[in-house]
Structures are given as structure tokens and as C-alpha cells.
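Engineer: The chain contents come next:
2 protein chains.
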Amino acid sequence: MYEGIVQDLIDELGRLPGVGPKSAQRIAFHLLSADPVDVRRLAQVLVEVKERVRFCSVCGNVAEEETCRICRDPRRDPSVLCVVEESKDVVAIERTREFRGRYHVLGGAISPIEGIGPDELRIRELMTRLADGAVTEVILATDPNLEGEATATYLTRLLKPMGLRVTRLASGLPVGGDLEYADEVTLGRAFEGRRAVDD
Amino acid sequence: MYEGIVQDLIDELGRLPGVGPKSAQRIAFHLLSADPVDVRRLAQVLVEVKERVRFCSVCGNVAEEETCRICRDPRRDPSVLCVVEESKDVVAIERTREFRGRYHVLGGAISPIEGIGPDELRIRELMTRLADGAVTEVILATDPNLEGEATATYLTRLLKPMGLRVTRLASGLPVGGDLEYADEVTLGRAFEGRRAVDD
Chain A
82 MYEGIVQDLI
92 DELGRLPGVG
102 PKSAQRIAFH
112 LLSADPVDVR
122 RLAQVLVEVK
132 ERVRFCSVCG
142 NVAEEETCRI
152 CRDPRRDPSV
162 LCVVEESKDV
172 VAIERTREFR
182 GRYHVLGGAI
192 SPIEGIGPDE
202 LRIRELMTRL
212 ADGAVTEVIL
222 ATDPNLEGEA
232 TATYLTRLLK
242 PMGLRVTRLA
252 SGLPVGGDLE
262 YADEVTLGRA
272 FEGRRAVDD
Chain B
82 MYEGIVQDLI
92 DELGRLPGVG
102 PKSAQRIAFH
112 LLSADPVDVR
122 RLAQVLVEVK
132 ERVRFCSVCG
142 NVAEEETCRI
152 CRDPRRDPSV
162 LCVVEESKDV
172 VAIERTREFR
182 GRYHVLGGAI
192 SPIEGIGPDE
202 LRIRELMTRL
212 ADGAVTEVIL
222 ATDPNLEGEA
232 TATYLTRLLK
242 PMGLRVTRLA
252 SGLPVGGDLE
262 YADEVTLGRA
272 FEGRRAVDD
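These protein sequence lines map, in sequence, to chains A and B. Residue numbering for the first sequence follows my numbering, beginning at 82 and increasing consecutively. Residue numbering for the second sequence follows my numbering, beginning at 82 and increasing consecutively.
Simulated from the structure, these hints should not be mistaken for lab results.
Put simply, identical chains are the same to the list, so a pair is met inside one copy or across any two.
As a list, the in silico SDA-like pairs of lysine to any residue whose alpha-carbon atoms are at most 20 Å apart:
id, residue 1, residue 2
1, LYS241, GLY214
2, LYS169, ARG107
3, LYS169, ASP154
4, LYS169, GLU84
5, LYS169, GLY101
6, LYS169, PHE180
7, LYS169, ALA115
8, LYS169, GLU179
Input sequences plus hints: build the corresponding full structure.
Structural biologist: In C-alpha cells form, the structure reads like this:
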């Protein structure tokens with residue numbers, strides 16, 4: 082509908098996840114009237130990100146060097162390994178400042194519907210990392226949904242016989258939430274996982 | 082939270098309209114794992130769009146040349162001029178294939194709250210275009226909201242004394258909608274604008 086390049090831009094933007102045709106048009110017109118310097122900077126970052134970013138050869142997290150910042154940090158505890166689905170999860174956990182160990186990014190979760198089996202995930206790399214016995218605890222921090230639980234169960238069966246301590250993040254009521262709005266499964270888990278209150 | 086360039090990309094994407102921090106992160110990770118060729122093409126289109134796209138010197142629509150495709154088309158009726166707020170509106174009207182005249186893009190609507198007065202819009206250019214008397218009807222196709230109506234009222238006062246036929250798009254029930262869900266103002270307008278049914 083638009084003249085050449087404007088339509089090309091709308092088409093390209095519409096390919097991004099979560100950007101529908103209307104949003105694509107809105108973003109395109111924003112860019113048309115934006116400062117050329119800003120648009121050029123965005124274009125530049127896009128090119129650079131593809132040139133510079135790769136995945137850490139140890140943990141699979143995003144990295145600008147052969148290994149990521151966390152794997153290179155000697156202050157991180159090498160005996161605890163936190164297994165997550167995506168790099169986004171590493172960032173979410175880092176934000177809590179609760180965890181001082183290292184990570185392993187699987188690159189997804191087991192999902193028969195999407196055709197993702199254990200071989201599509203970085204599980205072989207995980208087993209290789211655990212081979213030297215330096216890690217004593219593996220925290221399974223996959224998502225608390227069907228795929229994440231299936232992945233955690235699969236990994237538990239694989240890791241338990243190796244004599245490792247295998248843990249899973251607690252399920253329960255989200256802090257700041259309302260008990261009455263919690264779904265039954267979450268509330269059920271909160272009961273299951275209840276703890277004695279300290280005096 | 083992310084390493085250098087990844088965070089830069091998330092920040093840049095987050096500046097786009099309608100893209101929040103979560104969407105920016107999602108798009109960034111999509112681009113990280115996307116084919117480098119696709120990402121380079123997006124970057125290229127961004128650069129090109131700023132180099133090639135300008136605004137038609139006659140009507141203010143987006144154009145890749147001095148004037149836009151519609152202004153250059155000799156088959157378009159030069160006696161009817163449709164005044165719209167944005168280039169997006171031109172595309173919406175073109176899609177109907179109902180209109181064969183020409184356009185004038187104001188570049189917005191009068192909005193005292195946003196500090197947009199008549200001088201910020203392409204109204205002076207409109208008056209210049211109407212000076213030679215070739216246009217006999219001006220269709221005011223501004224949005225059917227407060228700002229659009231204010232702009233239409235302002236333009237009507239300006240154009241009527243010039244002896245032009247000034248019309249406004251019909252307000253009424255949207256086709257395919259449910260009468261019971263129509264707001265009172267729309268339903269009121271639909272009554273006001275009711276027409277005799279042909280036999």
C-alpha cells in the first residue's frame with residue numbers, strides 16, 4: 082500500500098515477534114519522522130549485535146567473547162550450577178543477587194508439541210561439564226510450566242544417579258500477590274511447601 | 082543487566098513506540114538467534130528509509146520523489162481534495178477504492194493539550210493549493226475524535242467563505258458491528274444521519 086521502501090520497512094518490522102501490522106506501521110511512521118541520527122544508531126546496533134554477540138562456549142549464555150562474563154568471573158562458586166532455559170532467565174536470577182554460583186543455559190525446554198526433545202537442548206554439554214565432579218549441587222530453575230517441569234523431571238532422572246544434590250526452585254504464592262487470586266495449583270504448592278515459622 | 086551491545090540493542094528497541102522493556106528484550110533475543118542476513122536487511126532498510134523517504138512537496142504525503150505517487154497520477158480528479166491528518170489515513174482511504182481525487186496531509190490535528198495549533202499543521206499549504214480555484218470540493222476526513230472535529234470545524238470556517246463545497250465523512254454505526262455495543266454518541270450520529278431507504 083505504501084511506496085516502495087516504506088512498505089519494505091513495515092514488512093520487516095512486522096516480522097519481529099509481538100509486532101503486528103498496525104504496530105509495524107506505527108513504528109515505521111515514528112522512524113520516518115525521527116532524527117536520522119537515532120535511526121542510524123539503531124541500524125548500527127543491529128549490525129554490531131550480529132557481529133559481536135555469540136554464545137558462551139561453556140554455559141550457552143549470550144557473550145561478547147569466547148566465554149561470558151559470569152563464566153570468566155573467578156569469584157563465582159564453581160560447586161553450584163543453576164540450569165535455566167534461556168539467557169533471559171540468567172538476567173532475572175542475577176537481578177535477585179541471591180545466587181553466586183554458575184549457570185547452564187539449555188536453550189529451551191522439552192516440548193513434544195513443538196518438536197523439542199532432549200537432543201535439541203544443551204544437555205550433552207551439561208553432562209560434560211558435570212563429569213569432573215567439581216559441581217556438587219545442580220539447581221533446576223526451568224520455568225514452572227508444563228515444559229519446564231518435564232525438563233526438570235528428565236534432568237532429575239539423569240543427574241540423581243550421579244550422586245549430585247539436585248534441587249528445584251520453590252513454588253508458592255508470589256510475594257505481593259493476593260491469596261484469593263492465586264490459582265489452585267499455585268496455592269496447592271504453597272501448602273505442600275509450607276515451612277515452620279521461626280520464633 | 083546484559084553485556085554491552087545486547088543491552089544497547091534492548092535500550093534502542095525500547096525507544097520505539099509501543100515497545101516496552103519486556104517486548105524489547107523479546108525482540109532482541111529473537112534478533113540474536115535470527116539469520117544474520119535478515120537482521121542486516123532490517124538495518125539496511127532503516128538506513129535507506131531515512132535517505133530516500135521525504136514528504137511530498139504538494140500534499141505532504143510520504144514520497145520517494147519530490148512529489149508522491151498520487152500527486153503525480155494524471156488520472157486523479159484535481160477538483161476534489163480530501164484533507165487527512167496523517168499519511169496512514171491516505172493509505173486507509175486508498176484501500177476503500179472509493180476516492181479518486183487528491184489528498185492533503187495536515188501532519189496532525191489541532192490539540193491545545195499537546196500544544197498543536199493551526200500553525201503547526203500544513204494549513205497554509207492547503208490555502209495556497211486552493212488559491213487557483215481548480216478544487217471545488219474539500220472533504221474533511223480528519224479523525225472522528227475531539228481533535229479531529231476541532232480541526233474540521235476550524236477548516237470549515239476558513240473554507241466556506243471561499244465558496245467551496247465542504248463535506249465531512251459520515252459518522253454512524255461501523256459495518257459488521259453490533260448496534261447494542263455502539264456508544265451513545267455514535268448511535269446518536271447514526272440517527273441524525275439516517276437516510277431514506279430506496280425501493
